[in-house]
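Let the hints inform the model, and build the full structure from the sequences given.
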Amino acid sequence: MTRTWCRVALSGLFALVLSALALVVSAAPQAVAAPATFGVRPATAQAPDNRSAFTYSATPGAVVRDHVAVSNVATEPVTLRVYASDAFNTPDGGFDLLAAGREPVDVGKWSVLERGEVQIPARSTAIVPFTLTIPGNATPGDHTGGIVASLTTEAAGADGQRVAVEQRVGARIYLRVSGDLRPELIVEDLTADYAGALFGRGDTTVTYVVRNTGNVRLGGKQKVRVETPWAAGVDAPGLADLPELLPGNTFRVTATVPGLLPAGWLDALVQVEPVAPPGTEPPAAVAASVTVAAVPWLLVIVLLLVLAYVVFRRVRRSRGRVRSEPLPEVEHVSA
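If you use mature numbering (1 follows the signal peptide of the UniProt record, and there is no 0), the sequence shown corresponds to residues -33 to -1, 1 to 302, in order.
Mixed in with the good hints, there may be bad ones.
Claimed, not checked - Have a look at the derived ranges for each label pair, beta carbon to beta carbon:
(1) Gly200 / Glu84: 58 to 64 Å
(2) Ala162 / Phe55: 30 to 36 Å
(3) Glu155 / Gly68: 29 to 35 Å
(4) Leu272 / Lys190: 14 to 20 Å
(5) Ala14 / Arg149: 36 to 42 Å
(6) Pro88 / Glu155: 51 to 57 Å
(7) Pro102 / Thr57: 24 to 30 Å
(8) Pro102 / Pro249: 23 to 29 Å
(9) Thr57 / Trp197: 46 to 52 Å
(10) Ala162 / Pro44: 28 to 34 Å
Quick caveat, the hints were computed from the structure, so don't treat them as lab data.
Quick reminder that beta carbons are idealized off the backbone N, C-alpha and C, glycines included.
Here's what the structure looks like:
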């Protein structure tokens, strides 16, 4: 059984001080892994450098040669697996790399390290060369992955059972292949639901999916607004910016707009303003809307009571007129 903890470098600091991107790859009893005592970062042929990630711009068919520093800060030597993999967005919008058992098909496949395993003495750093070969038919746009250092150890699960625990740390690879760039986000699967009390105001829950349908990684600033038929609107409070979405990835958003009167129907409006990486012109903002019923039940009940009263009065008045009319006189004729 294996559990994987993955850390991906976001800055020039060692990955071991970064927050974990928990990636669970089996349903084994929960095991507690010791803090990672190793890290990876970009490097020159001699030593680590100050790059926060491996960032390249290249043409199809180009070959890039670079180095990764793998550091061991423990007091004991360690043997680590090192390999490249593809990146993806987790459901919460985080950045993660494919599990060790999954074969990369993109930039992780194109990146080949000189060594797949490295032995590092205590408190030392090893420099590993690697080659990134961009295929001649590589599609234009952003290709994202990372270089991973991995250590598998044993730990005790919640039931005391010994399980294998894989710890991973990584440094990101951002490759942009030249050609036609198409930065594009869309909003899809937009729904809204109004939950109101019999008396007073209610909340509208708006849910939607933002999909990166282009070939450039994009973040975004988002706004959710719910309007009544008379255009009085309320914005969703505290709505965070979109995480950076890799091409082809999605992110589901749920926002609650409070304090809305049941006005019969409400219009839920979503707007996303894309944010592109430096040097890239962002696309225009995208928007979507949906209408949701917001039945004013108190008003409906009052109207039904009034209608019932009016009908009752008319029926009663009609019966009263029938009873008050005199019977016609009958004339008797004697023989």
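**Prompt:** What are the numbers of the hints that this structure violates, sorted from low to high?
**Reply:** 4, 9, 10
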